[in-house]
Each structure stands twice: as structure tokens, then as C-alpha cells.
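Undergrad: Now for the letters of each chain:
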Amino acid sequence: MILEALIAFTFASALVVLLAPNEWAGRLAFALSLVPFVGSLYLWSQFEAGGNALTGGTIAFETRIEWLEVGGRSVSWFVGLDGISLPLVVLTTFLVPLAIVSAWTPIDTRQSQFYGLMLFMQANLIGVFTALDFFLWFVFWEAVLVPMYFLIGIWGGPRRKYAAIKFFVYTNAASLVMFIGFMALVFGLGDSVSSFALPEITQAIAAGELGSWFGIAPGTLAMIAFLAMFFGFAVKVPVVPVHTWLPDAHVEAPTPVSVMLAGVLLKMGTYALLRFNFTMLPEQASALAVPIAVIAVISVIYGAMLALAQQDLKRIVAYSSVSSMGYVILGLVVFTEYGVGGATFQMVAHGLISGLMFMAVGVVYNATHTRMVGDMAGMADRMPVAVGILVAGAFAYMGLPLMAGFAGEFFIFVGAFGADAALPYAPVFTALAMFGIVIVAGYLLSAMQKTLFGPFRLETDYEVGRAPVHDVAPLAVLLAAIIVLGVAPDLFFEMIRDAVGPVVEGVTVDG
Amino acid sequence: MVPPEWYLLLSAAIFCIGLFGVLTRRDALYFLMSVELMMNAANINLVAFALYYGDLTGQVFALFVIALAAAEVAIGIGIILVLYRNFGETDVTVPREMRW
Amino acid sequence: MVDAFAYVPAIVLLPFFSFLVALGAGKYLPKGGAFGGIAATAGSFLLSLWVAATVLGGRTYNETIYTWAGGDQFELTFGLLIDPLSALMLVIVTLIALLVHVFSLGYMNDEGETGLPRYYAGLGLFTASMLGFVVADNLLMAFMFFELVGLCSYLLIGFHFRQPGPPSAAKKAFLVTRFGDYFFLVGLVAVFATFGTAQFAGPESFPALAEQALNGSFDAWTPLGLGVEQWFTIVGLLVLGGAVGKSAQFPLHTWLPDAMEGPTPVSALIHAATMVAAGVYLVARMFGFYALTPTTLAIIAFVGGFTALFAATMGVVKEELKQVLAYSTISQYGYMMLALGAGSYVAATFHLLTHAFFKALLFLGAGAVIIAMHHNENMWDMGGLKSKMPVTYWTFLAGSLALAGIFPFSGFWSKDEILYEAFIHGLSDPLLLGGWIMGLLAVPVTAFYTFRMVFLTFHGEPRSETARDPHAVRWNVKGPLTVLGSLAVVAGFVNMVPVQKLLGIEGIDFLTQWLDNDFGGIDGVSYSHYNDLLATYAGYEAGEIAGSAETTLIVAAGLSLGLAVLGVLVAWKLYDVPEPTEHTAKLGGAKDVLYNNYYQDEVQVWLAYRTEDVAGGADTFDQGIIDGVVNGISSVSLAVGDRVRRIQTGVVSQYAAMLTLGLVVLILVLGVTGGWFL
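Residue numbers (numbering that gives the first Met the number 0), protein chains in the order written: chain A, 0 to 510; chain B, 0 to 99; chain C, 0 to 677.
Here chain A stands alone, though its shape is the one from the complex:
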């Protein structure tokens, strides 16, 4: 019942904050958001790794209550955790309080609505990562979009409406395609499953229960389902070429919303890819290994090249997210313990690091009211602590060892390089993708050199002083978390390995 309590509490706190006066909504939201964080830490402490929830492993903190029946299949309130979802729940509950604190400075209108929506989104995010019934999961999945739409559309920058609508329509249309794909699977399974519970569906597919539907052969049906779901999740991740909503959304979104978008929302896509495409349909994934790896490598290199061309600090970080997510896709497709596990670890690591980067850029923006590289120089002179952490975050992004980003990337690389059994030419793909670490250093270092160092210059008439403590404190907390995870990745990686083991073993590689 802990998970229900967690989700219910978050929904309730969203309501409370919504009704609170604007003056102290931020502080109230922060206080309330600490409760789920403590709760998730408690979950972590009580968690015992027991395999993958979908493939028949132990489901921790499981609750399953029959809810309603659709088309002869039961829909239930079915939540639980395993080694893949727990780190992401902890990431979510950890980032939200920090994002709320980082909103104290920039959000100066309609605060109670803002924080209410943030908490509402958090509740749905926890739901996405814990739900084990497809319908339940889909409800949470779609419900995340709604607060995000308003958060960008109301508190965003000058082109906020364009960005919000683009974000909503793009991802929603993708969800529709994904939904159709999943339904094809469900109908293909016919009477062999009696519910929408993901574990049952996964195990039925693994047992070869997938039949033909409307005259479509099972293999073709599975492939159609795989492609439809891959497209749906790929938009969310996002991978090239369906990534263009991301930079627009990031640029327009206020800092804390960017933090949530990059930190958690993108991970919904990769999480779902792992859960649905790569766990349920490993054979199709193996068959499509080469094209998927090509997409991954293109995402890495092309995303990094785009980041190199940007002049807006937020766009730089946004495009580099595309690049980083390419690594995750590469890690998933090789079906090795370190590849898939590393991809999962990278989700958490990138969540922390991109959150830190967006927050740090936000702190600079609060002071300068510009994010353009050419408009400022020598910021290190005026705000040394914030810039120091920004530099540390940038190095974390570049994959500096003993920080979380290196751990995630290295796991993926070491898992992928030798995996030429699952992915032909794996060494070539891996080596190409690894070149991303050079480009990322190139654009982050040159952007930092131009904006942070050199003689101080700012082409606005604002007075720039040190950042307030509550702006810098979340940065420091995030940096500490990044270093802790970088020094001791096994904090999460151990349970992740345990959970991805069955996924990896599920693939029979021939030749």
C-alpha cells in the first residue's frame, strides 16, 4: 500500500497547493514534495531485488485490485516496483523538490497553480513508473502531458503557445500510434490473456501465444506492433528525426519545467522502450538491431552537431539531451547486461545531469535575463559558486569519470562494444557513437569559455550579483548526487543488473 499512499499523497498535495495562496505556495509545495521523496527512500531501503517485474520476477510493493472490464479483459489497479522502475521513481521524487526550489525565483505569477501542476505531474510520473497494467499505465502516461502543456503554455517564454501545442500534439499523436501497436498485440494474443496486466502479456508473448489477427501472421503482427510502439516511444525519447519538439519545448519552458522535462519526461520514453519493445518483443528488437543502432548513432552524432551550432544555452543542453538519449538506445539494442543495464543507469544519470545543467543555466538566466552566448562573458567573475557548479555539471555531461554520466556511458560502451552477436558491427557502431564524447566536450567547453570566462561583459543594463542561496542550493545537492552515483554506481546499478538480467537472457542469439 506504500505506492498507493505515495501517489495519493502527491495528488492530494497538488490539490492543497492549488488552493494555497500564491505567497507561500512554493514553500508549501517544497515541504509537501519532500514527503514522497522520503517515501521513495523508504521504498529503496526496503527493496529487495528479485528479477524483472514483467518476466516473472518478484514485484516489490505489489498491489493488484480488479477495477473494470473492457472487451472481456480485466483492467486492474496494478502497481509494483522492480530494479528498473525503482531508480526512476527515486529520480522523480528527488528532482521534483529541487525543481520546485529552483522555481522560487523565476516563477512570479500564479504560483499556486504552477506548483499544483508540478505536483500533479509528479503524481502521474510516479504512476507511469509504477503501473503494471497497460490501461492504468496509459492513463498516467497521457495525464503527464496535461500539466506539462499548461506549465509551458502559461509560464513559458515568448513562443510558449507554439511550443506547448507542438509538444502536446506531437507526443499525443505518437502515443496514439503506440496505443494502436499495443492493441494489435493484445488482440493478437486473443483469449490467451484475460487482462491488460503487463506481466501476463509479456509472459504470454514469450510463451508463443501470439496468434494471427485479421489474417495477419503472428510474426508480422509482432513486427507491426514493435514498429508502432517504437515510433510512439521514440518521439518521447526523442530520437532523430522525431526530436524537433524538444528544443522548442525546452527553450520556451521555464527552468523548473525544463528540469522535469529533461530529467524525467524523456526517461518515460526510454523506460517504455525498455519495458515494451525490448522486454516484450526481444526477437523483433534483435531483427531490427542494425536500423535501431543506426538511429542511435545518428542521434548521438547529429544531436551533438546540432548542439554545436546553437547560440542559446538552453538549446545547447536540449540538443545534447538528444545526443545522450542516443547512447541509451544503443545500450538497449545490444542486449547485454552492461548495455541494457547501462542504458537504464544512464537514464538516471542523465536525469540528474541534465537537470543540473538546466537549473544552472536558469540561475545564470535569472541574473542576466539572457541565454544567448554572445550577450555575456565572464560570468564567473560575478557568480563564482553557481558558475563553479555549472562547470562541474558540464564536465559531468562530458562524461568525466567519478561522476554519474561517465558510469552510464561507460557501461553502455563496454556492454555494446563486444556485442557483435546481437548487433552486427557492434564495435563500429559503438566507436562511432563514442565520438559523441569529443563533440560534447567541444560545444560545452566553447560555450563555457565564451559565457563564463574572460573579461566580464553583459549586454543588458541589469546589475548582476551573486545568485541567492535557494538558487544555488539545489545545484549543489544535484552535484553531490551525481558524484555519489559516479563513485558508487552500484547503489542503483546492482538492482538494475538484477532486473535487466531476464531481459538479456530472453534473447536467444543465433550465430
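Because the hints were derived from the structure by calculation, they are not lab data. Each hint should be verified, as a subset may be incorrect.
Cβ-to-Cβ under 7 Å is the rule here; a few derived chain B residues that face chain C [unchecked claim]:
| # | residue |
| --- | --- |
| 1 | L22 |
| 2 | R84 |
| 3 | V91 |
| 4 | T92 |
| 5 | V93 |
By construction, the Cβ of each residue, glycine as well, lies at the ideal position given by its N, Cα and C atoms.
Please arrange chains B and C on chain A, whose structure you already have, making use of the hints.
TA: For chains B and C alone, coordinates are given in the frame of chain A:
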């Protein structure tokens, strides 16, 4: 017994008259009357088939339709009255605000 | 009994704590945290001596101490490998770091620099990273600390971040070495994929497994259908990429001269003991692997020899003191690479040792001169400093003699051994012989630019106001100079192999014995084992001229010493005059090429700009085509919607007509498909 084709021909004829009225008339009253004609054409069909099959359901249905038509006339006349008040005439092509 | 090896982590952690202390509390401490750094590095130095003494007593240490990430596929661990090589390197690094800390009191604190806590934090982290790299027992841990060393160089080179130059140089240093590290990372991952382990030493280490793979008793993974030997060569070259970047070998050397933007003590630390040494140390550390791949060795030797000559020629025309030293560093590390490629692990380590002392000495000496000259580094403004700063002069002279390779200073012994080894092995390998010839040609050039620097700085008449009345330096500058000056003179005596061979005096080749596990060591990590590998797998054999080892030795040593003396004499002739003039005009067109460093930087800048152009093109493509399609779909939808909604006229009759039409069409379709009309 009159063969059902005759009833069907009659109802088809009445229906076409009604349809013609709906498509060509611009006055709302004619419009309403034409709709009534089409409904009654359906009624004739219902009753005819009820008789033919020896099943009363069709006749019951016809009663429902008549009740519905009465209600419709009430609402329709109301709409026409509002039309007249707002536009000074009962031409259905004049009020065009109800679009996109 | 207290075990020295239990304190090895403390060697690494002490400077790390000084980093934390300086960062957190430096501004409340006297001297900006300098004393914490001095105490930490002194402690590390003493512990390193203890560890070295323990190794001398015949014990070694090779243990995993921390599992970074476990799993069935790989075990990624941290561990400590203390053998003669790493013990020696620990002593060098901690000693240089200690002296640099002391010197910094004079160079930074006494000069009233701001941001000292940041400076000492950087020094502490730099030292700690390098020490972590030195004690690493596997390639992954080595890579991680290797990267941290890169980070620290970024922080310290860019120390004066308020000026435009240093941040740019710092970026370049990190980026160029990152480019090398990319290949290292690929190589590292390849090592894991091939062997499943990245341990340096022991029966389960990757060099040992590689040897087994070559003689068929271990089945190594190879990609793309490559043969084992080809694949090992590729892996070796990939890892070498990291070494080429960090050790500033051609073509990734361009960051190093720019890195002179950093404070001078930092330059000393980078060049003598930490970052640049890391590349050579890496190759030495995994020499058991390189010894199996002759192609890689030949490439290492050739690149090393080429770099030695190439960098030396650029050093000839430089006007700034530190620039000359920068190019000499590149050149000297080229020698070390040449030694490694020639299969002489001992000679490379020997030169690493002597170079650490004399190059640290030269940089600190240069730092003293720069203090005296009020931070003017142009040699043409100096002159006549000999009488005004005698301690600096004599120690600097000792360092210069060592750098030039004049008997009996330390540099002579190590450089001579390198050239000798390259020569005898090069007689059978043209690539290696090419390396030797270039190395030999670099000898007179080195001697020339070194003494050009000495004469311009210290001899003749003062050529500026500041040179006439230089700033005084204190004990904290003179002390480190004296220590290093003495070491630069005597360090060569630890390995007098030529003397031993010629005169037959036993026991004066201490370093060779040390690295050959004569005092104890780890099996498979020793000079003689490497020689066996080289002979078996790489086909290395020592050639002789005139059929006599002694003659070969005398000819090789005489040749290099003679050329060195020649270089000194030319410099003396040209520049040891009261009013020296630039003689660069005599070089003609070559002068511009040398001044501009063979247009290397231009090429790299050009590459950077082209990359930016490609990025710009990609951005245009992304915004125009990919996002254009997305926006296009939305525009088309909107436009179509705009058209379609015009059907909705608001006229009820038309709606009714459409209803009817729809019904008719429906009936017709159903009728045709249902066959009603047939």
C-alpha cells in the same frame, strides 16, 4: 389484402415529397411540414410491415414516432418563433451564424 | 608490523583532502590553503618513500580494493598495483608536487595573486588524480584518473579566467587531449571486450591473456573477422591515442605550448610529473601488451622520434622563456616514446625520471626569472641575470646541461641509453632506424635552443630596465631549485649502464635491476620478461656495428655527446655575446614556418571551423527540413481544415442536401457491393 408493395410505393412517394420540400423550401414552416411528411412515410412503412408480419411492435413504434413528431413540432415551432423574432422572417437560409 | 601498502590509499587521498580543505576553507586559512597542500604532499612523499623502501625489500602489492560495478559480464574494480615502476613514479610525482607547492608560495602568494584557494585546490586535485593514475591496477581505473588529470589541467591552465587567453588555452588543452582520450576509451572498451578484464598485472591480466592468445592457449574475442595480431595492433594503437594526446606527441601536441598560459608552477607540475608524464607512464605500465605488437612499437618509435625532432626545431626560434621549455618538453617526451618503441622500457622510465627532475627544475627556474622580471617572459628583454640571481642561474644551468645531454649530467645518461637502444634495435627495422635518426638529429637542436635560452636569459648585458633591477626571490623559490638542481646533476648515476658495460663495474645499473625485479616484483611485469616478449613476438634483436658491442656503445654515445656539444658551441658562438642579435633571419623562409609552428594550429583551427560549418549546416537542415516537415504537416492540416470547414455554410437546406446525398451514396455503395442491382 393489399400487397405490401403498394404501401411501400405510397410511403416512398410521400417520403420523396417530403425530401423535395426539405431540399427546396426556404421557409421554416414548409420545412417543418416536409419533415412531418417524411416521418409519416416511415410510419406507413412501420404499420404496413406490422400488418404484414402480424406483429404489433411496428404499430407501437409508429405510436412512438407520432409522439416524437408532436414533440418535434412543439420544439420546431418554438425555434421558428425565435427565428421570426430575431430575423423578422422565417427563411432558413438567412441565419448563418451557426457555423465554425 | 605496520604494512606500508595499507597506506597507499593515503598517498592518493592526502592531496585529495588538501583539495577539499582548500576548496572549502581555503579563504579562512593562511596563505590560501598552501600549508595544507604542502603538508599533504609531504606526507604523500614520505609514504611513497616508505612504499618504495618496502618494494626494495622485495614485496609488491596487487590487490583489488573496491568494486565500482560488479556483474556477470564484467567486474569493474579499483585496485592498487605497487611494483617497482609505480613505486618509483610515486616518489617522483610526490616529490615534484611537494616542491611545486613550496615554490607556489613564492610564485603565487608572494606575488599577491587572487583566488589562491582555487589554485591550491587545483594543485591538490591534480596531484591526487595523478597519484591515483600511478597506483591504478587496471586500465579502467587508469583511464578514469587519466581523465581527471585532464580536468585538473583545464582548471589550472585556465586559472586566470578573467583574461581572454587562459580559458581558451584550457579549452584547447582539454579538447585536444580529449580527442586522444577518445581513442583510449575505445581501446579500453575493446580491451574489456577482448579479454574480459583490464588488469595490468598478474596471471589473469590482459597482457598475460594477450600473450596466451598469441600462442593459442586463450581464445580472445576479435571483431569483424580480424586476426588476433591485427586486432591487438589496433587495440594497442587505440590506447596509444590517449598517450599521444596527454604526452603531447605529434599531431596532438598543439595544446601544450598554449598551456603555458597557466601559472608557471602548474607548468612545472604538468610537464615534469603529472599530465604529460601520464601518457608515457601508461605505455610503460602496459608494456607487456605493447611488446606483443611490433607494428605498434614501430609506430610509437617513429612518432616519438619525429616528435622529438619536430618540436625541437620549433623551440629554436621562440622568444618566450616558457615557450622554449614547452617545445623542449614535447621533444623530450618524444624521446621517451622512441625508447618505448625501441623496446627499452628501462630507458624510457629512466628518461622519465631524469626529465622529471631537470624539467621541473627548468620550469621553476623560469618561474624565478619571471618573478624577477615582473612577469615579462620575453628573453630579448632579459640578459645579464647571472650575477643578480646566482642560485637560479647555477641550478638553471645544471638543468640545461641535463636537458642538452652533456656528460655527466642526468639527461646525458638517459638520452644516451635511449639512442643506443633505438640504434641497436633499429639496425633491423627501418621504421625504428628512422626514429633513431630523427632522435639523433634532435640532439644538437636541443642543445642549441637550450643554451640559446641560457645565454639570452643570464649572459650578456641586461636589455631592459627590469633586467637591470630584478625582483628578489625568497627561500621558497631557492629551496626547491636547489633540491632539483642537485637531483638533475646526480640522478643519472642510478643507471650507468654504458659504464658498466665498458668498464665492467657491477652494480651501478641500479634502475635496471630495480625494474628487472632484482629486488622483487610481480611476475610478468619486468624488464627481462618484456625483453623475452619482444624477442619472441616482436622479433626484436640487438644489432651491432663492427661486430662488437663495445664499439657500438662508444660510437652511439660519442655521436650523441658530440652532437650535443656541437649544439652548445653554436649557441655559445651566436648568443654568448654582450649584445646578442636575432639570427633567425638566416633561416630564410623556414623562419616563418617555425615561428608559426608549421602552421599546425592553423590546420587545427581550420578543422574546428569546418566542423562548426558542418554543425551550422546540420542546424539549417534540422530547422529547415526535419522541423520543416513537422511544421509542414501541421500547416497542411490547418490549411485542409480551413478549406473543409467551408462546407459548413450554416444553411440548413444545404446540410439536408448533404445528408441526402450521403444517404444516396451509401445506398449506392452498399447496393453495388451487395449486388442488389444484379
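Undergrad: What are the numbers of the hints that this structure violates, sorted from low to high?
TA: 2, 5
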